[in-house]
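A.B. asks: If you want the building blocks of each chain, they are given just below.
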Amino acid sequence: MAGLNADTQLVVVGRGLTAERLIASARERGKRVTSFNVAGPGNEMTSDPYADFGDTLSVAQTIVFALPAPDLAVAVEWFGPHARGDQTVFTACFCLAEPFELPHEIVRNQSCIRKIGVIGRRLQIPITQDFETGFVSVASRFTEVGQTFRELFGSRHLTVATTRDLVGLEILNGFSSLVELAVASSASWALFPSLENLLRLYALADAARLSLRLGADPATFLGLTGLAQLIPSALDSRDPSTDVARQQQTARAIAGRAAQVGVDLPFVRTVRMAIDNPEHAKEAFMLLFDLPVNLHG
Amino acid sequence: VLRGDQERILVELESRVVEACLESSQTKPLTEVLASSTYHERQRLRTPKQGLHASSQSVFVEIERSIRRASPLMEREMLRRLVRAYGQEIAGHFNPRIYRATTRVVPLGLNLLLNAVSPKRLLDQFPRLPRIDETVRIQGAVDDIQRLQNQGTVILAPTHVSNLDSVVVGYAIYRMGLPPFTYGAGLNLFKNPLLGFFMHNLGAYTVDRTKQDPLYKETLKTYCSLTLEHGYHNLFFPGGTRSRSGAVERHLKLGLLGSGLQAYIRNLQRKAERPKIFIFPMTISTQLVLESESLIQDFLRSNLRERFTLDDDESNRVGRIFQFVEQLLSLDSKIHLTISTPLDPFGNRVDAAGESVDPRGRRIQPENYVMRDGAPTRVFDRDAEYTRELGGRITDAYARDSVIECTHIAARATFVLLCRQNPGVDLNQLLKLSDPDESLALHEVYGETERLMQRLRKLRGDGALRLGPSTVRSVDNLIDKALQHFSTYHSDPALLRRGDRLFVGDRSLLFYYQNRLEGYGLEDEQGIRKPLSADHLSLAEGPLWPA
Numbered sequence: 002m003a004g005l006n007a008d009t010q011l012v013v014v015g016r017g018l019t020a021e022r023l024i025a026s027a028r029e030r031g032k033r034v035t036s037f038n039v040a041g042p043g044n045e046m047t048s049d050p051y052a053d054f055g056d057t058l059s060v061a062q063t064i065v066f067a068l069p070a071p072d073l074a075v076a077v078e079w080f081g082p083h084a085r086g087d088q089t090v091f092t093a094c095f096c097l098a099e100p101f102e103l104p105h106e107i108v109r110n111q112s113c114i115r116k117i118g119v120i121g122r123r124l125q126i127p128i129t130q131d132f133e134t135g136f137v138s139v140a141s142r143f144t145e146v147g148q149t150f151r152e153l154f155g156s157r158h159l160t161v162a163t164t165r166d167l168v169g170l171e172i173l174n175g176f177s178s179l180v181e182l183a184v185a186s187s188a189s190w191a192l193f194p195s196l197e198n199l200l201r202l203y204a205l206a207d208a209a210r211l212s213l214r215l216g217a218d219p220a221t222f223l224g225l226t227g228l229a230q231l232i233p234s235a236l237d238s239r240d241p242s243t244d245v246a247r248q249q250q251t252a253r254a255i256a257g258r259a260a261q262v263g264v265d266l267p268f269v270r271t272v273r274m275a276i277d278n279p280e281h282a283k284e285a286f287m288l289l290f291d292l293p294v295n296l297h298g
Numbered sequence: 278v279l280r281g282d283q284e285r286i287l288v289e290l291e292s293r294v295v296e297a298c299l300e301s302s303q304t305k306p307l308t309e310v311l312a313s314s315t316y317h318e319r320q321r322l323r324t325p326k327q328g329l330h331a332s333s334q335s336v337f338v339e340i341e342r343s344i345r346r347a348s349p350l351m352e353r354e355m356l357r358r359l360v361r362a363y364g365q366e367i368a369g370h371f372n373p374r375i376y377r378a379t380t381r382v383v384p385l386g387l388n389l390l391l392n393a394v395s396p397k398r399l400l401d402q403f404p405r406l407p408r409i410d411e412t413v414r415i416q417g418a419v420d421d422i423q424r425l426q427n428q429g430t431v432i433l434a435p436t437h438v439s440n441l442d443s444v445v446v447g448y449a450i451y452r453m454g455l456p457p458f459t460y461g462a463g464l465n466l467f468k469n470p471l472l473g474f475f476m477h478n479l480g481a482y483t484v485d486r487t488k489q490d491p492l493y494k495e496t497l498k499t500y501c502s503l504t505l506e507h508g509y510h511n512l513f514f515p516g517g518t519r520s521r522s523g524a525v526e527r528h529l530k531l532g533l534l535g536s537g538l539q540a541y542i543r544n545l546q547r548k549a550e551r552p553k554i555f556i557f558p559m560t561i562s563t564q565l566v567l568e569s570e571s572l573i574q575d576f577l578r579s580n581l582r583e584r585f586t587l588d589d590d591e592s593n594r595v596g597r598i599f600q601f602v603e604q605l606l607s608l609d610s611k612i613h614l615t616i617s618t619p620l621d622p623f624g625n626r627v628d629a630a631g632e633s634v635d636p637r638g639r640r641i642q643p644e645n646y647v648m649r650d651g652a653p654t655r656v657f658d659r660d661a662e663y664t665r666e667l668g669g670r671i672t673d674a675y676a677r678d679s680v681i682e683c684t685h686i687a688a689r690a691t692f693v694l695l696c697r698q699n700p701g702v703d704l705n706q707l708l709k710l711s712d713p714d715e716s717l718a719l720h721e722v723y724g725e726t727e728r729l730m731q732r733l734r735k736l737r738g739d740g741a742l743r744l745g746p747s748t749v750r751s752v753d754n755l756i757d758k759a760l761q762h763f764s765t766y767h768s769d770p771a772l773l774r775r776g777d778r779l780f781v782g783d784r785s786l787l788f789y790y791q792n793r794l795e796g797y798g799l800e801d802e803q804g805i806r807k808p809l810s811a812d813h814l815s816l817a818e819g820p821l822w823p824a
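Protein chains in written order, with our numbering: chain A, 2 to 298; chain B, 278 to 824.
Just so you know, the hints here were simulated from the structure itself, not pulled from any lab data. Predicted, not measured: the structure shown is a model, and the values here were computed from it. Glycine is no exception: its CB is placed at the ideal position from the N, C-alpha and C atoms. Accuracy of the hints is not assured; some may be wrong.
Residues on chain B that point at chain A, a partial pick, calculated with CB under 7 Å [said to hold, decoys possible]:
(1) 639
(2) 641
(3) 650
(4) 797
(5) 801
(6) 803
(7) 805
Not everything, but these chain A residues come out facing chain B in the computed CB check (under 7 Å) [what the hints assert, rightly or not]:
(8) 82
(9) 85
(10) 86
(11) 87
(12) 110
(13) 113
(14) 130
(15) 142
(16) 143
(17) 263
Bound conformation, chain A alone:
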């Protein structure tokens, strides 16, 4: 629940695993956090949930929106009139808006905020039964935003990788939802244990081609940055905030944008086919696996 607090430095807007983890990390570091626990199924924001939303955000130095992109648009709409140029805004959006608009563009186009950071999926690696280590990517064009993230949420058990590639990371975030969807869809007929990895591979190829077309940095797809965002999406798909409708919307948004820029995305097409015709999902995925993995073109 929220409350107006003049000393508030950090505000987290959202409900779900990502928001919970960020709040916990910041509190562990002794930070004062105000959270807006957005109500409603799937975190939908359809009306101003709290009268003090804008006022609280106006005094914060850092704001995290851990929301699907459509809800982010509503939240930023309220936040926009109160925004200040010296604030830092993080987004953690794993579902994209339709029509396609990347989360950082939503913030940029609806407010005066410039210092925008994009948080990627967090990868938790269990070391022992009681101990796990984590990895997260943060993208921003401002170096100080990465430092802010480390200061607020970092710990010696959490590796924070920073990149300037907002577009690449946001599209990977969106694709991670589709991988979740594909994995869920294939659960009933999965024939071999490495199927999830195969799905990730095709997803990565699609994500790379679309991202590069939209101006992402090719380096994002060369190494661990990309993979690290996709792996947890499948392994860690037990996010209670997972919303199938939002994932389907993400698939439509990505497909729509890809059609506009002339990029063929076989993985996305297959996921959409599997959603529309669940009885033929297996057949659709088998057809996908017949295609070569196309990283270029």
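Since the structure of chain A is provided, determine the placement of chain B on it from the hints.
C.D. replies: The following block gives chain B in isolation, referenced to the frame of chain A:
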């Protein structure tokens, strides 16, 4: 810059640059700074045709002689002398008497020149003589620039296609009733004694693009910032040099542009009365470009690697300038100067009252962007990013406010047909293939032009570009007008009509003029591959039309 201010600026320039070097001497010792300067100067002098600069040359000799045994105090003194020498090389000054005389004489002279070079036009229109203000059309945010110049300091940031741009923009500044602007002009423009005299006395400061020394660049930027802080309006060409490819600039040199933000922060720090800096992007659009032949050849030859070595082009040949102006008039061509919506140093739009607004039009306080611990502070990385964003908004404005004319459209339509006619051929080959018999059926050109016009009208409706008056005519008239333009000025025209077929003459020129339509996403619909890279600085690889 007036003489009294100039002295103050030079003193402050020296102390500010030296101070900055001393501040960073922990990471970059002064010895390294001085060694780097001498290294860059040696490298520069290795390039043919690079002149010595008397003021800095003696300092370099001394640095080379004594750097090895110099004490920290001596190093500091050498640095001070070098910065002073650089400052003196850069600084221009403004002589109000010469400005008054010039502004009285130039429009009259230009009118006479325009009439003298076109006797036919003179006879046709006698007694109503053609006037330069009919040829140069100024449009866009003229009221804004006139109003906001009193509320802060203005940076005018035009596109750059020709050496005539400085003259045309200078004239536009005068005609809009603005006070004189200070501006950075390439060293090559000072080589002509007469032009150099006017440049020196009309507020131009020298930019030597052959100097790659970081200390020189820092001195230049700081000089520029200081002129802004002293309230002198500035004119930059953010593209740095003339567009070689003919395309609208997508890649800007952000160094000088960043001095706007630097000046703004300084103004806030010293609580200046009028701290605001307003940036006005401006497009210069013409149907023909004086130096198009040399520029495109330079672009193709060196792929921009040696772009500032282009010393001898059409702009240095008086006969060609006359010919160009004559054609411009005889064809009733216009030069469109479009002033775009003003921006603040962060790339936010500025409203009519001079207040920065967010993308939704809500007023914001731009000083917040530079606050750290409650005080305006310079942060190098952050400020560089703000300037990059400003650069992005400026290139958006360039694309939006470019005026597309018949020559660009005809060249584009023909170029697309030529690509289709040569499947599997890349740009290099396409330009080198010069089959004199290769031609296009006129009806095909009309058809392609019609399709292109439909798309361009849609883009104009969306506010993505502007269409010039030469495009408001039927497709066949538009093509005729473009052919007239090409054939009357260029010795080997881009396009020629024989009967019902169109022959491609100088393919490089065709490429040059069609490039003006690059960056508007026309390729997808036309089915060709983009011939230029996204930043418009180099050629894309691969066939333009699949085999």
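A.B. asks: Each hint should be assessed against the structure and marked as holding or not.
C.D. replies: Here is how each hint holds up against the structure:
1. With 7 Å as the threshold, the beta carbon of residue 639 (chain B) comes within range of chain A, its nearest partner Cβ sitting at about 6 Å, so the hint holds.
2. Against a cut-off of 7 Å between C-beta atoms, the interface hint on residue 641 (chain B) holds, since the closest Cβ of chain A lies about 4 Å away.
3. Restraint check, residue 650 (chain B) versus chain A: the minimum CB separation of about 10 Å is more than 7 Å; hint violated.
4. Annotation: residue 797 (chain B) was flagged as interfacial toward chain A, and the flag is violated, the nearest CB pair being 15 Å apart, outside 7 Å.
5. Below 7 Å, beta-carbon pairs count as interface contacts, and residue 801 (chain B) has one with chain A at about 6 Å; its hint therefore holds.
6. The restraint placing residue 803 (chain B) at the interface with chain A is violated, with a minimum CB-CB distance near 13 Å, outside the 7 Å limit.
7. With 7 Å as the threshold, the beta carbon of residue 805 (chain B) stays out of range of chain A, its nearest partner Cβ sitting at about 13 Å, so the hint is violated.
8. Annotation: interface hint on residue 82 (chain A) holds; nearest CB of chain B at approximately 6 Å, less than 7 Å.
9. Taking 7 Å as the C-beta cut-off, the interface hint given for residue 85 (chain A) holds, the closest approach to chain B being about 5 Å.
10. Taking 7 Å as the C-beta contact cut-off toward chain B, the hint placing residue 86 (chain A) at the interface holds, the least distance being around 4 Å.
11. Taking 7 Å as the C-beta cut-off, the interface hint given for residue 87 (chain A) holds, the closest approach to chain B being about 4 Å.
12. With 7 Å as the threshold, the beta carbon of residue 110 (chain A) comes within range of chain B, its nearest partner Cβ sitting at about 5 Å, so the hint holds.
13. Because the closest C-beta pair between residue 113 (chain A) and chain B is about 4 Å apart, less than 7 Å, the hint holds.
14. Evaluation of the residue 130 (chain A) hint against chain B yields a violated restraint, the C-beta minimum of about 42 Å exceeding 7 Å.
15. Nearest Cβ of chain B to the Cβ of residue 142 (chain A): about 5 Å, under the 7 Å cut. The hint holds.
16. For residue 143 (chain A), the shortest C-beta to C-beta distance to chain B is roughly 5 Å, which falls under 7 Å, so the interface hint holds.
17. With a least beta-carbon distance of about 6 Å to chain B, the hint placing residue 263 (chain A) at the interface is held under the 7 Å criterion.
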